[in-house]
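Take a look at the letters that make up each chain.
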Amino acid sequence: MDILSSLMDGFATALTPMNLLYALIGVILGTAVGVLPGIGPAMTVALLLPVATVLEPTSAFIMFAGIYYGGMYGGSTTSILLNTPGESSSVITAIEGNRMAKAGRAAQALATAAIGSFVAGTIGTTLLVVFTPIVVDFAVSLGSPSYFAIMILALLAVTAVLGESRLRGFASLGLGLAIGLVGIDSVTGQRRLTFGQPLLADGLDIVVIAVAIFAVGEALWVAAHLRRTPLQIIPVGRPWMGKQDWKRSWKPWLRGTAYGFPFGALPAGGAEIPTFLSYVTEKRLSKHPEEFGKGAIEGVAGPEAANNAAAAGTLTPMLALGLPTNATAAVMLAAFVQFGIQPGPLLFENEGPLVWALIASLFIGNTLLLLVNLPLAPLWAKLLRLPRPYLYAGILFFATLGAYSVNLQAFDLVILLVLGALGFMMRRFGLPVLPLILGVILGPRVEGQLRKTLQLSAGDVSGLWSEPIAIVVYIIVALVLVWPLLFKAWRRARPTRVAAAGPVTGGPVGDRSTADRSAAESPSVDSPTATRHRQADVSDGQENADAPKVTHVNHGQEKQ
Amino acid sequence: MTSLASRLKGRSELGVAALLGAAGALVLLDAARLVTPYSQSDPVGPKTVPIIVGALLLVCSVWLAVNVLRGGHGEAEGGEDIDLTHPADWKTILPLAGAFIANILLIDWAGWVISGTVLFWGSVWALGSRHYVRDGLISLALALLTFYGFYLGLGIPLPAGLLEGIL
Amino acid sequence: MRGLSALRVAAVAAGIALMASGCGATGGTKAGPATTGGNSGPVTGLRIMVPNTPGGGYDTTARAAAKVLEDEKLATNPEVFNLAGAGGTVGLARVVNEKGNGDLTMLMGLGVVGASYTNKSESKLTETTPLARLIEEPGAIMVSKDSPYKTIDDLMAAWKKDPSKVSVGGGSSPGGPDHLLPMQLAGAVGIDATKVNFVSYDGGGDLLPAILGNKLGFAASGAGEFLQQIKSGDIRVLATSGEKRLEGVDAPTLKESNIDLVFTNWRGIVAPPGISDADRDTLIATLEKMHASASWKEALKTHGWSDAFITGDEFKSFLTEQDKRVADVLTKLGLT
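Protein chains in written order, with our numbering: chain U, 1 to 560; chain C, 561 to 727; chain D, 728 to 1063.
In short, the hints are calculated from the structure, not lab data. Take the hints with a grain of salt, since some may be wrong.
Footprint (simulated), chain D over chain U, 3 or more residues, beta carbon under 8 Å [as the list claims (entries may be wrong)]:
1. 34-47
2. 134-143
3. 279-292
4. 334-346
5. 456-462
Now the in silico label distances, taken between C-beta atoms and shown as ranges [as the list claims (entries may be wrong)]:
6. D/Thr-853 x U/Phe-195: 22 to 32 Å
7. D/Lys-826 x U/Phe-195: 20 to 30 Å
8. D/Pro-875 x U/Ala-489: 48 to 58 Å
9. C/Pro-603 x D/Lys-887: 20 to 30 Å
10. D/Ala-885 x U/Ile-476: 31 to 41 Å
11. D/Asp-880 x U/Val-482: 29 to 39 Å
Beyond 12 Å from chain U on every Cβ pair, some chain D residues (computed) [as the list claims (entries may be wrong)]:
12. Gly-814
13. Val-895
14. Asp-1040
If you're wondering where the values come from, they're calculated on a predicted model, not measured in any experiment. Note that CB positions come from ideal geometry on N, CA and C, so glycine has one too.
Given the sequences, and given the hints that come with them, work out the whole structure.
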């Protein structure tokens, strides 16, 4: 097998002590910058370019690959521990991951993130090796109509996470969409919601927003209600993942990979959307949906796998076609040029050994990251035992540092503060955060793809369904919309079969199977049966996970 | 008593409804001054989405106000470090925000080392730590470490401000 | 807690060690431009600002220039820093505000000219002190290999017949170089610029799949980013917009095809307004020496940039002319 022998040669090159050292440096550096919000692998690689030109191209790229993958790992660590997402692809991880950390299950969260990332990264890189030509042909065939359809599907998924009060969920979504509008309209070049400020012309960065609302908002909120009674040390709990954790994680890992890789390979895909889709899927399919919002391990396992698979997916078109699908890939392409190597369709032919060594080092880097991060997970978790003042001051300090260092402008810090205040307000009044983040991510994309589609079809509406993938996705959308209604009708026709229907849709049925558990914790929630069509604003029976706020149940201790 | 308390609480959440309404109005007003495109291949135009978003916000604003007045309320977020039995502790929030703002004001002029120290020191003080000297040293160490770390490691020169030439 | 305080002590110790090694880091940055004309010694304290993010086109050029300056001992420790935002106008505003500062320079290009209009920047490029134009890159009119258009004439005929049906893709937003090229091209062949169906993409990377997938009528962008795809035949170049043909690309120029347009995406260096004549001359002299060096020629070759070196007043009148041209196009489109 030609591929296999080339890969073996690649391993031979990548496993030399020198290159292993560079891989290690890259991995550590990548983790460090991934931890910091604002600075990411893209910027790091760009800043290191001049330094790296003195190295052998192979070694330099091995280091860059390490930085890239490391960035994904680092971003998850702070997401989980400090609610400070370091990368846009770690934003979703923060939601469940931080909850787990607060409940004393930080080590498990970190472990599932690390292992999931490893699994996804390895599978993703293997897919990269085997399927490159097919993936790339497919990726190129997708145009704006298909992307728009996918965005519609994603928007639909948002409705699944509006939280217990649909009204507040929509309000949050509206705010997110409004924030996403800030900037220059890509078609007509006009500025929207910039209030004459040139610094707002590029819009607000999702990481800055997420850090502001998650981290700064939380710091302000904690400041407002800091527990003055003797501090309870957060129990660190068991350092390793229990059997239940493994059982609940492995399928999300695989599903997350399935989401992440294609989106990473698609030019307009990105790593944020697959993490979100993975989250919603896991919530729907979970046997413990009430845990979502309080620290469900699937909510960490899935998205983490997704973002690492997306990282691998991104490299596929980059290496095969010279097609960058995100900023890091674009900078790596620039690096190729610096070395006098021309990226493009002929890269595999012209620079075979280099490319295969690079791919081999991806496997190695992935393994190194797992080996480095997994044992450290319990240690990182101890970070949470810092006295509160230091912990939150530290969060603010690093959030500020990260946000400032991107552009070295104090204005970014003003945004951090203003949005932090917004985050504070949202926590005070029970506005869910996730719809806002999704509004910021999805809003511009939905609008952009729609208008691009219409432009390309010269204003003809039929352009929306002019691509086969678009049609397929719309059918899926229709099915998703229609399914609950069909299901209800089917149920009404056969009432005795109710209990047998497992958590397939995860909707009203999912609750029933865990009704006893949730009823015990949340005396204030109505019984699930009657709630399906209640007044939507008070409580939605599907999402009663948020109900018992003050009586915080520690799931970590349940798991023996 | 309880009805007064709940009405007061309800009133504060009306602030959220007001905010949503203001945001919606802002978006719509901003959209109104946009010029429709110069090319007919873009039937959607730059105004459509802002109008939809603005409308959504206004609808939510009204709906929320109605909901609040009828007695509904959003659950404030709880957590390990959160003690919701007392109202918001402004004596903590304001110094914390103050430290943050001080950093913003000082960073370009006095440099990161000074402003970062102020930020961290002020934050830990606001959050309750009273070991002044120890905290001051830690703050200074953090600021210096990150200053050098960024410059030597990543080539990002954080502002040196007043300490230019000394560092 | 013991573990933590030990950790803290270790951190502080490490920090002190780091500081000791880093001491003097900021010492060298404010020494001022050394020489007053003449050939005595390299320039110190030179800072080149890039109004874009690291890894972008301006950034690459600036860092390449800085490297050559340092290697050829023309400047000591030149510092390249980024100040991105609003298409380059944030950097522009900074440069214009630092009146008289002889240390600071900014690397810019055609994109910044356009952005200064579309972003309604208060600072204008014509206020800066032009130093030198460094490189240029002609644009290319490209289609996918599956496209029905085989020659530039085919394309122009179809385009003139119904501009709205022939979509044009470019890697910049309105006002950017990839937008200006098709607009000027439309003007040159007699199409109303307001009827052009321009679809903006987020850079060459975003534009590439659209070209390869044959989603566009044609694409207008620099050929540099797509050389490999052109070589492999996945992208067909119908014409290039320079004075002469582009090396390695088998396509006629627009002029050869009887279209009266010469368009290049150029990059140059400017300095703040109000700097002393001595400073200006020193900087220009330094740049001239850089241009003459072998390592600069090497850099040009590596990156595929075309040499387009003009300095001082020649560059100034070029800037003014470009500024006017762009202003005209954008005003017609209502983008100013």
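Does the beta carbon distance between D/Ala-885 and U/Ile-476 stay inside 31 to 41 Å, or does it fall outside? At 36 Å between Cβs, range holds.
Say whether it holds or is violated: D/Asp-1040 keeps its Cβ farther than 12 Å from all Cβ of chain U. holds, 30 Å
If you look at each residue in the segment 334-346 of chain U, do at least three have a Cβ nearer than 8 Å to any Cβ of chain D? It holds, with 9 qualifying residues against the three required.
Nearest-CB test (12 Å) between chain U and D/Val-895: The claim is violated: D/Val-895 sits with its nearest Cβ about 10 Å from chain U, within 12 Å.
Does the Cβ pair D/Asp-880, U/Val-482 satisfy 29 to 39 Å? The hinted range 29 to 39 Å is violated for D/Asp-880 and U/Val-482, with Cβ atoms some 52 Å apart.
Chain D covers the segment 456-462 of chain U, three or more CB atoms within 8 Å, holds or violated: holds (count 3)
Count residues of the segment 34-47 of chain U with a Cβ under 8 Å from any Cβ of chain D, then say if the count reaches three. Our answer is that it holds, as 5 residues pass the Cβ test (under 8 Å) against chain D, meeting three.
Look at the Cβ atoms of D/Thr-853 and U/Phe-195 and judge whether their distance stays inside 22 to 32 Å. 27 Å Cβ-Cβ, so the 22 to 32 Å window holds.
Between C/Pro-603 and D/Lys-887, is the Cβ distance one that fits in 20 to 30 Å? Holds, at about 23 Å.
Please check whether the beta-carbon of D/Gly-814 is more than 12 Å away from every beta-carbon in chain U. Incorrect as stated: the minimum Cβ-Cβ distance to chain U is 7 Å, not above 12 Å.
Given a hint of 48 to 58 Å, does the C-beta separation of D/Pro-875 and U/Ala-489 actually sit inside it? Between D/Pro-875 and U/Ala-489, where Cβ atoms are some 50 Å apart, the hint holds.
With a Cβ-Cβ cutoff of 8 Å, does the segment 279-292 of chain U contain at least three residues near chain D? The restraint on the segment 279-292 of chain U is violated, since only 0 of its residues have a Cβ under 8 Å from chain D and three are required.
Hint compliance for this structure: hints 3, 11, 12 and 13 are not met, and every other hint is.
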